[in-house]
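There are 2 protein chains.
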Amino acid sequence: MREHSGLLTDLYELTMAAGYVEHGFAGRATFELFVRHLPPRRSYLVAAGLEQALDYIAHVSFTSEEIAYLRGHPAFAQVGPRFFDFLASFRFHGDIWALPEGTIFFPGEPLLRVKAPIAEAQILETYLLSTLSFQTLIATKAARLYTAAQGRSVIEFGTRRAHSIGSGVLAARAAYIGGCQGTSNVYAGHAFGIPTYGTQAHSWIMAQESEAEAFRRFVELFPNHAVLLLDTYDVRAAVETILAAKLKPRAVRLDSGDLAADSIWVRRRLDAAGWQDVQVFASGDLDEDRVAELLARGAQIDGFGVGTALSTSSDAPALGVVYKLAEMEESGAVRVAAKFSHAKATYPGSKQVFRFADAQGKFARDVIALDDEHLPGGTPLLVQVMHAGQPTLPQEPLGRLRVRFLDSFQRLPEPLRRLDAAETYPVRHSARLEAMLGQVRERVSRASSRTTR
Amino acid sequence: MREHSGLLTDLYELTMAAGYVEHGFAGRATFELFVRHLPPRRSYLVAAGLEQALDYIAHVSFTSEEIAYLRGHPAFAQVGPRFFDFLASFRFHGDIWALPEGTIFFPGEPLLRVKAPIAEAQILETYLLSTLSFQTLIATKAARLYTAAQGRSVIEFGTRRAHSIGSGVLAARAAYIGGCQGTSNVYAGHAFGIPTYGTQAHSWIMAQESEAEAFRRFVELFPNHAVLLLDTYDVRAAVETILAAKLKPRAVRLDSGDLAADSIWVRRRLDAAGWQDVQVFASGDLDEDRVAELLARGAQIDGFGVGTALSTSSDAPALGVVYKLAEMEESGAVRVAAKFSHAKATYPGSKQVFRFADAQGKFARDVIALDDEHLPGGTPLLVQVMHAGQPTLPQEPLGRLRVRFLDSFQRLPEPLRRLDAAETYPVRHSARLEAMLGQVRERVSRASSRTTR
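Taken in order, these protein sequences are the chains called A and B.
Each residue of the first sequence is one higher than the last, beginning at 1 in the working numbering.
Each residue of the second sequence is one higher than the last, beginning at 1001 in the working numbering.
Isolated chain A (complex conformation):
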């Protein structure tokens, strides 16, 4: 795949862009990307994916071969050369504001705001939605596992079940932001500097005549890193094999069976042998509920490997994220835009989110306001990340994004941190924004009644 191809979008973004260019719409549009509703059982979201989104925006282009494809597309049969010239020299000239990655946020709050010539902003829609929604989904799921594990480590193991290999790489990144300690994905480790984990699978054992021999060879080759997998044939027999041969590993791993009971038995047996420093690691169809349940049952597990449930956010595999026109600026005049169709109304105007904390520094409430409002005591959350198509901030190290999440998480009121939150975080719109919504509703209703009369 050509990573910065302008064709990485929906066809209608390009037909609309053709319409804007052909009709000479020079206006600058403000689009806002936000989540409509929390997925089931979520009480907050963790922003992620901005780095990939900005990298795309900074480099997106159309090759002559890609433009030739569009010229030959039946939809563009009547479109003149102006649009294809526009594509040939396409680059993004706009401004972008966004929530820094690792920020905890809520529905209705813009995760990203784009102000740019409307054709440019339109073409980016599809890429921005898929990039930000996916990583935000996974970072949010990781935060739930971080919660459930109560300080024990969680390693992201899900590349094999991710929605394509590239999705696995990005899931590893997002999971790390959301509190995971590392990943099994080597490419993500290399590309993003994430700690990587993993040692042996059942196939290592099965490929050899004897389990004892398979363990011995592994500990010899990886004296400080071997994590021996116990459940290929029989967990307790495997532990006895390791003890009898004095093959002290760094850790052992359970991947099936009754993880609570087996971990308690294994821990006791290792301790009795004086191997208190050998850790017990567990994996196998885990999710945050299984992790919480295992710990509630007294499981003696030091770390969890979580795959499918984390890397696909399997209980809530999509985020209802949208990219909506909020404002049009043309010939110096600003016109705000809103949509009122069934249950999908959007607020008009270019917005900022202000967060208010209580005396202890805990997050108390957010107010979504117009970006030129000043709300004393509130911290504005959206920061400018691009000006006239150029990044305005240096790229942050991934570790700092993870720390931002961990710090924010500590400031989230305790009832909201639970797997099933007891409260909803208070988010409201400013008085000016509410008034503006009413005005737009009235304007559109007048225009519409004129039309149908």
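Since the hints were made in silico from the structure, they are not lab data.
Only a predicted model underlies this, so the values are computations on that prediction, with no experimental measurement involved.
Ideal Cβ positions, reconstructed from N, Cα and C, are used throughout, including at glycine.
Hints are not guaranteed to be accurate.
Derived Cβ-Cβ restraints for the label pairs, each shown as a range [stated by the list, open to error]:
{"id": "1", "chain 1": "B", "residue 1": "E1003", "chain 2": "A", "residue 2": "A359", "range": "23 to 31 Å"}
{"id": "2", "chain 1": "A", "residue 1": "G389", "chain 2": "B", "residue 2": "D1407", "range": "47 to 55 Å"}
{"id": "3", "chain 1": "B", "residue 1": "P1195", "chain 2": "A", "residue 2": "P391", "range": "32 to 40 Å"}
{"id": "4", "chain 1": "A", "residue 1": "S445", "chain 2": "B", "residue 2": "L1243", "range": "19 to 27 Å"}
{"id": "5", "chain 1": "A", "residue 1": "S445", "chain 2": "B", "residue 2": "E1220", "range": "21 to 29 Å"}
{"id": "6", "chain 1": "B", "residue 1": "E1220", "chain 2": "A", "residue 2": "R428", "range": "40 to 48 Å"}
{"id": "7", "chain 1": "B", "residue 1": "E1003", "chain 2": "A", "residue 2": "A272", "range": "45 to 53 Å"}
{"id": "8", "chain 1": "A", "residue 1": "P195", "chain 2": "B", "residue 2": "E1209", "range": "49 to 57 Å"}
{"id": "9", "chain 1": "B", "residue 1": "A1068", "chain 2": "A", "residue 2": "P415", "range": "43 to 51 Å"}
{"id": "10", "chain 1": "A", "residue 1": "E65", "chain 2": "B", "residue 2": "E1003", "range": "13 to 21 Å"}
Residues from chain B that face chain A, not an exhaustive set, calculated with beta carbons under 7 Å [what the hints assert, rightly or not]:
{"id": "11", "residue": "E1022"}
{"id": "12", "residue": "T1126"}
{"id": "13", "residue": "T1147"}
{"id": "14", "residue": "Q1150"}
{"id": "15", "residue": "G1151"}
{"id": "16", "residue": "L1221"}
{"id": "17", "residue": "P1317"}
{"id": "18", "residue": "A1318"}
{"id": "19", "residue": "L1325"}
In silico contact screen, one side only, chain A against chain B (beta carbon under 8 Å); selected entries [as the list claims (entries may be wrong)]:
{"id": "20", "residue": "M16"}
{"id": "21", "residue": "Q122"}
{"id": "22", "residue": "G193"}
{"id": "23", "residue": "P223"}
{"id": "24", "residue": "F356"}
The hints should help you fit chain B onto chain A, whose structure is shown.
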């Protein structure tokens, strides 16, 4: 992302490979990739993703910079130069058999079988699992939408909610194999020759002062392709606007509200105006149940745009696909391998799937057998696609894969085609395979009791 990077794998594949190389395991292993169980409400699976898997296998490599990263990884601290030399000259030398894309198959049946030096076969595991499981998942979901739409067209619209942009491109490909008529994803259209669809979003309307003017400009620019979106403000007012201005489009689209009632009203109004050839298209949080329900309610809809539910297979976002060692061939001797841990037993031996049809040509039953068995009357489904690391077959055009699915679907017994199947397709193992499982079980149990005694 470097598309053919050998680092696109889990760390444990590389530590095991290091173990095989350092211990001089020259044996050829057979690994089989199969699905353990059907996802909820599925009664069959549609194979997809082979082309991307084979492309990776044919080109996978490790750069010197990637090898330097591994050398510096603490896990490899004690690993000698032999393994890093192996990576530097890495290429795949093995043989591969697979189900052709578009084939309907069932749990337990190998979707792919690899026979190769064990370290090579091991390293590929993660990539193969993620690539084949994702596209198979989406092709299978598409088949359900194809079923529900009863001959009407279904267009894949889900890139924005896919798990990253690359996942969206591959979802478009898989959805087309599974019976969709096209996609909104332009890159997929260009790369794979899939028909692409889409014209305007709400933002086109909202960006302009008047809906009527927005419609007029669009129909002028796209006289044969305009699909006008009716629900930005008010569906019925929009239809009257279009009729009053005589802006005859190719189709209209409903994206929210009561799609059944609105489509009936719109159809009647268009027909009354003599616009019988203007199609009605629907979208907006659709899935196979919604499509079936709309048609059952008499909705007058000619085509459906389906996004999130299709491109994330949201009701079943992961496939329980595994890659298991079945056989080891070393110094001329063959040893079969199986695993018996809790509820996760696998059959040993290198396998083939034979499909038997009834007198009408409908699929009657499958038998999973050893690959050297001959079952008279059964058609072997796995075909060799790679020999000694080289593809053995020309790449098939995507349209042919779609036709293979559509043909197979017609041969699937009707009760299995329903959204909630009334039957389970019969798949059994050959007598030789059952006997072999018993023998391996006995061998491992003897070996294990020796160890623990």
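Let me know if the C-beta of G1151 (chain B) comes in closer than 7 Å to any C-beta of chain A, holds or violated.
For G1151 (chain B), the interface hint is violated, since the closest Cβ of chain A sits about 23 Å away, which is over 7 Å.
Given a cut of 7 Å on the nearest C-beta pair, is the interface hint for A1318 (chain B) held or broken against chain A?
Where the cut-off is 7 Å and the nearest Cβ of chain A is about 5 Å from A1318 (chain B), the hint holds.
Grab the minimum C-beta distance from L1221 (chain B) to chain A and call the hint holds if it beats 7 Å, violated otherwise.
holds (6 Å)
Is it true that E1003 (chain B) and A359 (chain A) lie within 23 to 31 Å of each other by Cβ?
Given a distance of about 53 Å, which is not inside 23 to 31 Å, the answer is violated.
Interface hint compliance - M16 (chain A) to chain B, C-beta minimum distance less than 8 Å:
Holds, because the Cβ-Cβ distance from M16 (chain A) to chain B comes to roughly 5 Å (cut-off 8 Å).
Once the shortest beta carbon distance from T1147 (chain B) to chain A is found, is it less than 7 Å?
violated (21 Å)
A range of 19 to 27 Å was offered for this pair. Does it hold for the Cβ distance of S445 (chain A) and L1243 (chain B)?
holds (21 Å)
Taking the closest Cβ pair, is F356 (chain A) under 8 Å from chain B?
With a minimum Cβ separation of about 31 Å from chain B (threshold 8 Å), the hint on F356 (chain A) is violated.
C-beta pair E1003 (chain B), A272 (chain A): status relative to the range 45 to 53 Å that was hinted
holds (50 Å)
Hey, does the T1126 (chain B) contact hint survive, CB to chain A under 7 Å?
holds (5 Å)
Status of the hint placing L1325 (chain B) at chain A (closest C-beta pair under 7 Å)
holds (4 Å)
Okay, S445 (chain A) versus E1220 (chain B) on CB: inside 21 to 29 Å?
Holds, since S445 (chain A) and E1220 (chain B) (Cβ atoms, about 27 Å apart) stay within the stated range.
In summary, the numbered hints that this structure violates are 1, 13, 14, 15, 22, 24.
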